[in-house]
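Q: If you're matching them up, the sequences are chains C and Y in order. Just so we're aligned: the first sequence equals residues 396 to 509 in the numbering used here. Just so we're aligned: the second sequence equals residues 317 to 430 in the numbering used here.
To be clear, the hints were calculated from the coordinates, so they are not data collected in a lab. Just so it is clear, the structure is predicted and the values come from calculations on it, not from any experiment. One or more hints might be untrue.
[Stated by the list, open to error] Derived EDC-like pairs: lysine to aspartate or glutamate, alpha-carbon spacing no greater than 16 Å straight-line:
#	chain 1	residue 1	chain 2	residue 2
1	Y	K425	Y	D325
2	Y	K365	C	D496
3	Y	K417	C	E439
4	Y	K425	Y	D401
5	Y	K417	C	D496
6	Y	K417	C	D451
7	C	K412	C	D496
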Amino acid sequence: GAGVSQSPSNKVTEKGKDVELRCDPISGHTALYWYRQSLGQGLEFLIYFQGNSAPDKSGLPSDRFSAERTGGSVSTLTIQRTQQEDSAVYLCASTWGGGADTQYFGPGTRLTVL
Amino acid sequence: AQSVAQPEDQVNVAEGNPLTVKCTYSVSGNPYLFWYVQYPNRGLQFLLKYITGDNLVKGSYGFEAEFNKSQTSFHLKKPSALVSDSALYFCAVRVHRGYQKVTFGTGTKLQVIP
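Okay, chain C solo, but in the shape it has when bound:
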């Protein structure tokens, strides 16, 4: 079956521009996570969705970052007024929603802010 997909795969933008990153989770997965992976760093948690609600937004680095999920499916991560330090790979993962669930990761979006 189809896995988690993310688009675009690569995004180059200029400092100060807004960007939208999209995640399509596996069909039926109720939980969705966004992470950020910077060069040489581990995975930094950003936000968790259960259905369309986001009970944990604690990892969003600033108010320039926001995310939404609609129809319990597609999620969009928006970064406003991008800064060079936002350059990273943004990963999305989905699960059925249980605590022991395996996370299924998308291939990521590589964001470069010039």
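Since the structure of chain C is provided, determine the placement of chain Y on it from the hints.
A: Relative to the frame of chain C, chain Y by itself:
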């Protein structure tokens, strides 16, 4: 609070030799423990997980890990390394009760030398 430590940024091993990638964790309660692998320019892929029961967990590609509660460790092992095992390995933990995001380690780069 929960945390994961991967004390080695990089592990080098000769092809055919056994490999170990170390992971220790800290949680308040019983843990779910995971290992994921990331090949270059790819998203993370699940290798194995510990939920409860048998301390030795077997996973994909011949990998296994041993849960050691007294040492709070979950080291990843393989009896005979392959060049194709060269990748970035992440350990992750989540406490059993209630909601807690999954916490990932900083990753260990495994280099298998032909």
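Q: Each hint should be assessed against the structure and marked as holding or not.
A: So, going through the hints one by one against the coordinates:
Between the alpha carbons of Y:K425 and Y:D325 the distance comes to roughly 6 Å, so the proposed pair stays at or under 16 Å and holds. Taken as a hint, the Y:K365 and C:D496 pair is honoured in the structure, with Cα atoms around 9 Å apart against an allowance of 16 Å. A hinted pair counts as satisfied when its Cα atoms are at most 16 Å apart, and Y:K417 with C:E439 qualifies at roughly 11 Å. For the given pair, Y:K425 sits about 10 Å from Y:D401 by alpha-carbon distance, which is consistent with the 16 Å threshold.
Only pairs whose Cα atoms come within 16 Å are accepted, and Y:K417 paired with C:D496 is accepted, the gap being roughly 12 Å. Only pairs whose Cα atoms come within 16 Å are accepted, and Y:K417 paired with C:D451 is accepted, the gap being roughly 8 Å. Under the criterion of a C-alpha separation no larger than 16 Å, the hint pairing C:K412 with C:D496 is inconsistent with the structure, at around 36 Å.
Hint compliance for this structure: hint 7 alone is broken.
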